[in-house]
Amino acid sequence: MFDQSSVKDQPGPVPSPDPRPTTSHLIRSHAAHVYDKLTTKHGWVGEYDYAWLCTPTLPFSVSRRGAKGKQRKRSPPFYALDSELPILLSFTSGLQHALAMLAGLITPPIIFASSLNLDSSFSAYMISASLIGSGILSLVQMSRIRLFRNYYLGTGLLSVVGTSFATLSTASAIFDAMYADGTCPSTTAPDGTVTKGACPDAYGMVLGTSLVCSFLEIFMSFVPIRILKRVFPPMVTGTVILMIGASLVGSSGISDWGGGSNCQARPASGLYQMCPDITAPKPALWGSPEMIGLGFLSFVSIILTELFGSPFLKNVSIIVGLAVGCIVSGAAGYMDGSTITSAPAITFLWVHTFKIRVYPPAILPMLAVYISVAMEAIGDITASAEVSRVAVDGEEFDTRIQGGVLSDGVGGFMSALFTVAPLSLFAQASRTNNGVIAVTRCANRTAGRFCCFFLILFGVLGKISGVFLAIPNPVLGGVTTFLFASVAVSGVRVLSYVRFTRRDRFILAAALSFGLGDLLVPDIFTYLFDGVKNANNGLQGLFSSITIILSTPFLVSGIVALVLNLILPDEDAPDGDDDDEVQVIDIEADSGIQEKS
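Each residue of the sequence shown is one higher than the one before, counting from 79 in my numbering.
To be clear, the hints were calculated from the coordinates, so they are not data collected in a lab. Be aware that a few hints might be false.
[Claimed, not checked] The calculated lysine to aspartate or glutamate pairs, modelled on EDC-like cross-linking and capped at a C-alpha distance of 16 Å, are:
(1) Lys274 - Asp254
(2) Lys307 - Asp197
(3) Lys307 - Asp476
(4) Lys307 - Asp471
(5) Lys119 - Glu162
(6) Lys274 - Asp355
(7) Lys274 - Asp197
(8) Lys307 - Asp648
(9) Lys360 - Glu384
(10) Lys541 - Asp355
(11) Lys360 - Asp414
(12) Lys433 - Asp648
Computed from a prediction, not measured in an experiment: that's the story for all the values here.
With the hints as constraints, model all of the structure from the sequences given.
Written as structure tokens, this is what we have:
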């Protein structure tokens, strides 16, 4: 008879454990990881060479050399996007990134406020809002949120945003148009000196117009990347960035270096007879030795920091220049501390608000700005990916560009609601932060999140904005001249990728004909439609839009380069200057350099 008990006693198959970790297991594992990070030296310090980061450069000292006579360089380990980062390095690198981009963030709101003659409370708020908005939207840009299919929001890189200098240049032209057509108040003295009144509503109009125009860049983010690259090659993007930097050097950097744009004409009477105005602690004429000397001191400080500074200081040389200039000007009695006293201790967004409206003549220029912002973003994302050691081609890279352009468009919309001019990836932020990554070898997004924390903190602490407002114009001008020239150099670097065939040289020459012409003779197109009579409001608004575009160097040169690049046929071979090319090759051959086809 069959024994059922023997069957029951037989060992059955042992069920395999569930490979999926439970929620409690994940929580315990994460808690153990955090505990280990907070209680061990490796979690706090890691293996990074902090002494190298803070050691000054001695260019004339004898370098340590290896066995083959080559100079040995101490290179810290490379920290990739999502690698484990020590806490101290996260803090240090985040602070370094925040300081490196600080000057680029405070400059636009200071220039906006100065152009519209806003009081110190509005000016301090605009600086704080810019810092807070940059910190929040940089967090979005660093993310990589999958929306649907292969579409993302954010680059997933250590990408930071700020007010593009393209917006700064265009807004200045828009403000001039508003004062010219009576939208903003102004008075004319008997000697012909024009005094502009405070016009906060103009800033609200720029915000409202940028909010509406931001949908163009959002739409562009869904255009296939290959089409964007075809429409906006380095010839176009490089020309735009070059002209942005060059125009800002002339319209803002050098003007402030001499004492300020309001007193540049040296009026015989009135508030701006002296710089920055007659109520300043130690006013002086525009371009006087005192003004030039203060700016030169800041400029030289940047050079000396690059020559002797540690890697940390070199990456924040702009802030070093501001600090040295402020210390000397404060000791000499040129600084007015009233802005620091009147600034609130704590502030946030929407402490001040602006009437958000659309200014019709600004629509076309702002659409062009968003196109240029998208062009900048494509180049900046490429540079960030390259320095972060991730792929710079293929499907993943294309999604990073798509996500970055989309985040830029969304950022333009959100920044207007934050009462901040459009915040986007821009050349100066990319250059400084990519420079920090290249030197420190830290491309980790944790450092980027610390950077965002510091930016928001700097914005919330209102007294910091008061300190920035107290910076004398010459000190700010000496620093921003270098800053804007760096943007122009970024454009030159982009242009270096062009083959420079005859076609390329023709396009660049045609584009610069308008851009440099605008730059050297700013009012050439100002009177273009003065002879038009009986124009209705809509037509007059169109004329104003065209005038703004033609009067903005980077816009007109970018449009010329864009159109010619699309209509002129491509050239497969270099231009017809065969003799010049043969001579170059022969010279290189004589020097022992072999040309590779």
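Open item on the list: Name the hints, by number, that the structure is in violation of.
Closed with: Hints 2, 9, 10 and 12 contradicted; others consistent.
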